[in-house]
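J.: Given next are the chains, with one letter for each unit.
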Amino acid sequence: MSYYDIDDILADANKFPCRFNYDIPGLGYLEGNIGKDIKINAKVELPLWLARILAIVGGDPGIGDEGALPFVELMAPDMLSPKVMNAIKSGPVTLDVHSINSHFYALAVKWATLFNDRDLVQILNYMLLERSQEINNFASSIQLEKLGRGRDMGPFMLTLDEFEKKLYRESHESCKDMKKWIVQK
Amino acid sequence: MNIDIDDILADLDRDTTAIDSSINSHAANDTTILGSDGIDTDKFRHLPVLSAVGDFEKLMAHWRNERMSPELLPYPHLLMERTLRRVQEQLEHIECVSMGYLEDPSAENSTSESSNNALSNKLPLLCMEADLERLKFVLRSFLRCRLAKIDKYSLYLRQFNDEHVLLPLSELLSRQELEYHDRHSAIMLKLLNRAILRHMPPELQAVDDNDGSVKMVDEPEWNRFVFVYVNGPKAKQDSDPRLQVNEMGQQFYPVTIQELQEEAELTIGGIYVMRYNVVRDLILDDMVQLI
Amino acid sequence: MSLPWKLQETFSPEEIQFIVENEPIKIFPRFTTRSKVRGNRGNKTGQTRWKLLTASDEPLNNLVAIQTTEVAFWIALLLKQQGKCSIVAPGWLRLTQLQRFIDYELKNTERFSELPWNWLVVAQLLFSKAADDLQDPVHLLRGKVQDLREIRLGKIGQGLKHLNESHLQLDNLSLLEINELRPFVLGVMNKLKQVHGSIADEQEEEQ
Amino acid sequence: MYCDMGSKLVLEAKRAQQLNRSSGADQLPMYQDELIRNIVKEVSQLRKNADFLKEQQEENQFQDKVARCQYFVTLLCMERNKRCLLAYQKLRSDALDGFAWNRNGSDAISSLNAAHQGSGNLSHHEQEYLKEYAQLITDMKSGDYTDIDLSGSLTPPSDVFIDVRVLKDAGEIQTEYGVFNLIKDSQFFVRQADVERLIQQGYLQKL
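Residue numbers (our numbering), protein chains in the order written: chain D, 1 to 185; chain P, 1 to 291; chain C, 1 to 207; chain E, 1 to 207.
Next comes chain D alone, as it looks inside the complex (with noise of 0.2 Å):
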């Protein structure tokens, strides 16, 4: 992941549910009260770029940090739910991801790093196995002359995120380039 990574820098900008641990000065203004201070436990949402440096600083280096909590306690996102989770197991390859998130597996892989999540690892894992594979018979079918931009390009495609385009539009130009290769020879 680079600095100037167009895609990190919008995943980064999505904003996640937070809940604070303090009373801070002047802060009021992330919820919309300009001027105001924000109380403990309130629930905000914050873009990740934000909420991920948050959720690990905080706490009073007077008293030592060991066990000082840290200025906000991310909240599992919607796209992260149960039920998502849920209908990723059940059928990952209906599952309209772009539609729940168009920076899923970015999120997530920051989601797993953040929490150490070993169950959401095992989903992204199958979820990925799956749908890369419907993702390749998409890449690899597609016919030299139905290549007209604007052609209807299947539901599927209209359910990827952004990994899931990228890997689609490099598989499919690689198998493009192929084809053209061998109608030349």
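Since the hints were made in silico from the structure, they are not lab data.
Any given hint could turn out to be false.
Mimicking PhoX-like on lysine-lysine, the simulated pairs with C-alpha atoms at most 20 Å apart in a straight line are [to be verified]:
id : chain 1 : residue 1 : chain 2 : residue 2
1  : P       : LYS190    : E       : LYS131
2  : P       : LYS215    : P       : LYS152
3  : D       : LYS166    : E       : LYS14
Treat the numbers as computed from the prediction; the structure is a model and nothing was measured.
With the hints as your guide, set chains P, C and E onto chain D.
T.: Frame of chain D; chains P, C and E shown alone:
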């Protein structure tokens, strides 16, 4: 043109195939030997013979590795020096030969049919042209690929001189590449400064700040997956102490995938998808080729 | 970027062809160069000596008509284009041989037959540029090669569920087949690695 | 919310990236001058806030992190804005690098001006950058690498000699194989390297 060194070299090459293995070992150190001069006629009889074709094969291997590796590999200084010199000589040679043809009145044509015939009569010349184009293509593609990586890791390479003592930047890059790196980073930084950084508070004006919430300097993706072919030692008699033999009698390199704490076997002749950092040393030693 | 993004981290099929074209192949030349005095580089006799940088020029300076010799594939194709040689097709490029490979592919669902690493490129190039040098009718050979390609693609498709975050062994896949697969296989495996890496790091910290 | 404009700018960058890759053409959308100026303004505002908060902290001798959280968030916002701005500019300058190579260095700006959209979509600094980078390419092409034409084709020379048809009168060209008079609709067997530019410019068509 006076004595044609390549002709003499080529003749020697035919008669002295026995020293081939010494060429290989010499070439393996290619990148770390600097400052040696081009071959001169008095000295070259004492040096191992480096044939154009042998060099081309090495160049192909460098090209393929460079194209597929996440990191910028060391510039093969001597190999490139020899190859560029040969390109220049061959250009002159071809010009010389084709001058001879131009003087030939039958070659003066502008209709396609007769120039077709004229070309057929010039088969060796045609072939030498094609040969040179092929060599130029590989050189061009190799260098363009390196420039792309120099750009990509521009800031990372800047820290190279102090951090990585193994290979200073001046050896990793050619003289021209060093200049390119300097000049391109300079104009790039100028752009970023003028467009953005100078409008930032002083503490946010750096482009190489790795202490923020996201590291600014990109390193090569060391554990990126690559396709590899395990060729093993070039000459059969050269054994590699790292090689082991499995129960099926096949020779293999035992490797460790650090991140997973997993062992794997790379059998000679096998094709694998492997993390780059696992096979890096074997690639640099020419025992494994990126494909 | 000084290298177009399409050429980053992969090769084009044309580049794979280029790599394969450097390999040697047998030809029957239709002309002789051997009798000429060696070292005669002048053009007074109208004969130019071959002098090459990327391929051995020795066989070319010693050609004897109708006597087989080995030259780089691209040279063979160039001579062929000029009607100066015929190409000796490799032994595996026969209907019977290809059928044997097809049978093997069908019988062994877990393995690929031991076709040469450059089979697809060699076959396609010979089909289009030296069809008259092949031992069997080119349209039948094309059919067999197409069958082989499809069977192998199907097997590759089946194998994709074995992609993982560790490593993979893919013996007997040809370079062109690997290249076609590359973006997909590496894309998926790199993502799997990232997914699993997200907890691997934590594990180390815990220890 | 702070930094929403930054994300909007990065969305623009994403659009530029897609345009660049899908069309393959040398195109960049309009430089987002106003949006960038607004983001810069936001950073100045954040900077003022930060200075104020810092002063306040020093006066009141706030020691605990909780009291300094607002200051911390302000810094993170600035950092985020910086990342968005740099990523946007870097993506565009990478694209400009590509233009310069495609246009063979030296005449990048003028040929961009001659093309459909011109250099009007570039900021003043970008134009200057492009000019300087094009000069760098020109310089790289001379010297030790003169003979290999660094900005030449990255497609392997599979057919060094090709048949071409003349689409537009192009006058006479001198090659090592003689003089060719390029009259519309005539055909020639020529060295590809000699006519590459003419093909790119639409004078000749490869057959």
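J.: Compare the structure with each hint and give your call.
T.: Now for the hints, and whether the structure bears them out:
Restraint check for LYS190 (chain P) and LYS131 (chain E): satisfied, since their Cα atoms lie roughly 13 Å apart, inside the 20 Å limit. Taken as a hint, the LYS215 (chain P) and LYS152 (chain P) pair is honoured in the structure, with Cα atoms around 15 Å apart against an allowance of 20 Å. A hinted pair counts as satisfied when its Cα atoms are at most 20 Å apart, and LYS166 (chain D) with LYS14 (chain E) qualifies at roughly 13 Å.
Of the hints listed earlier, there is not a single one the structure fails to meet.
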